[in-house]
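Using the sequences and the hints given, assemble the complete structure.
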Amino acid sequence: MIARSPMMVALMGMAMTLVGCAGLPTDGPTTKAIGSGSDLRLQTLTLAGVPEQRATFELPEPQTYAPAPSMARFVVARGDVLTIALFEGLPDGVFATPATGGSVFPDVPVREDGTIVLPYVGALRVEGRDVAAIRLDILSRVRGFATRPEALVEIKSRNRGSVSVAGAVRTPGRLAIGSDLLTIQDALSRAGAPYEAPFTANVTIRKHDGASQATLAQILAGPPLPLDGDTDLIVTVKPAVFQALGAVRRQGSHPLATADVTLLNALSEAGGLDPLRANPRGVFVFRSPDTTDTDPRPIIYQLDMRQRDAFAVAQRFLVRPGDTLYVTEAPVAQWTKILSAIQGTVAVGASAATIERLATAN
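Residue 307 in the numbering used here sits at position 307 of the sequence shown, with consecutive numbering throughout.
It should be emphasised that the hints constitute simulated quantities derived from the structure, not laboratory data. Quick caveat, the model's predicted, so the values are computed rather than measured. Please note that the accuracy of each hint is not assured.
As the list claims (entries may be wrong) - 20 Å max Cα-Cα, derived DMTMM-like pairs, lysine to aspartate or glutamate:
1. K156 x D107
2. K207 x D186
3. K238 x D260
4. K238 x D180
5. K156 x E196
6. K207 x D228
7. K238 x D209
8. K207 x D230
9. K32 x D230
10. K156 x E112
11. K238 x D304
12. K238 x D274
13. K156 x D137
14. K207 x D232
15. K156 x D186
16. K156 x D260
To be verified - Pair by pair, the computed Cβ-Cβ distance ranges are:
17. T292 x D137: 40 to 50 Å
18. L90 x E112: 36 to 46 Å
19. R249 x A312: 34 to 44 Å
20. R78 x D293: 45 to 55 Å
21. T44 x R249: 17 to 27 Å
22. P223 x Q243: 29 to 39 Å
23. G178 x A133: 15 to 25 Å
24. T292 x P331: 32 to 42 Å
Cβ coordinates follow ideal geometry from the N, Cα and C atoms, glycine included.
Here's what the structure looks like:
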């Protein structure tokens, strides 16, 4: 019988432990382990299911002041300055004819009581009304003594406070709200917002009655948002990324440059599946639940790349910022690790036995 030294016994014990897989290195859980947990929501991706799910993958709607009034609905406020022109159809009237340019009142201020004063018209309340309504009111006042009168009313300048634009813009500062600066979109454009990456830029809109947030992309795609009163706009850029882990060629964080990056795009960005390690059945996307989700458990989407429609499914599934793409290892890869570990253990054991023989011989 061959005597075994304590070193040889220890090496054999290590080999048995490795065969039991407990000591094998791994990137994460196996496909079976992911599917067996009850603390997660596992959903299998199919071609029929993705179109229904796609709407739930969209970004949340922006939290903006609603409803945003149409640009045509801007109304006059105290401190605004109006330009008013009055015309008569016949000469020698109270007001000049169109041929002579009419009677123009270029700077008519809106007083603190919300009224304006015009010759032959008197005091006229204009606060809270648009220019079309003001025009009709003026015409009703002059029809009794003017021949075929006509009127034009324009807002020359507005006293609507100011807007401060700060953060990740080229020219931060405070701007006066006026005829050429009427909307939040105007202010962001004037300050040089990061339009090259609107998906990753967030805009905080802060006013006297509260604050709201939206992505720059959502603001640009939405209706005009009028500036009304002092407003602060804070632009921040937070790179949108997803994580790629497991049996992919390029692990790590990868950018999401647009809002329509698909799972197929993400797999390509990660270098594709590792052909020597990847389990094609184990392509998973881990996602945190939405704040509106009543189920707090994380969601796991599973794609079986062996299916013939797998690429079509991956092309339709949208990846969100913060998602984790994880590909499990194939069972054969685990056995390869076991065999490599056993070979290494045997080699070390053989070397130890040689050293032991030499020591005994000496």
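List in ascending order the numbers of the hints, as given earlier, that are violated by the structure. When the structure is compared with the hints, numbers 4, 5, 7, 9, 11, 12, 16 and 19 turn out to be violated.
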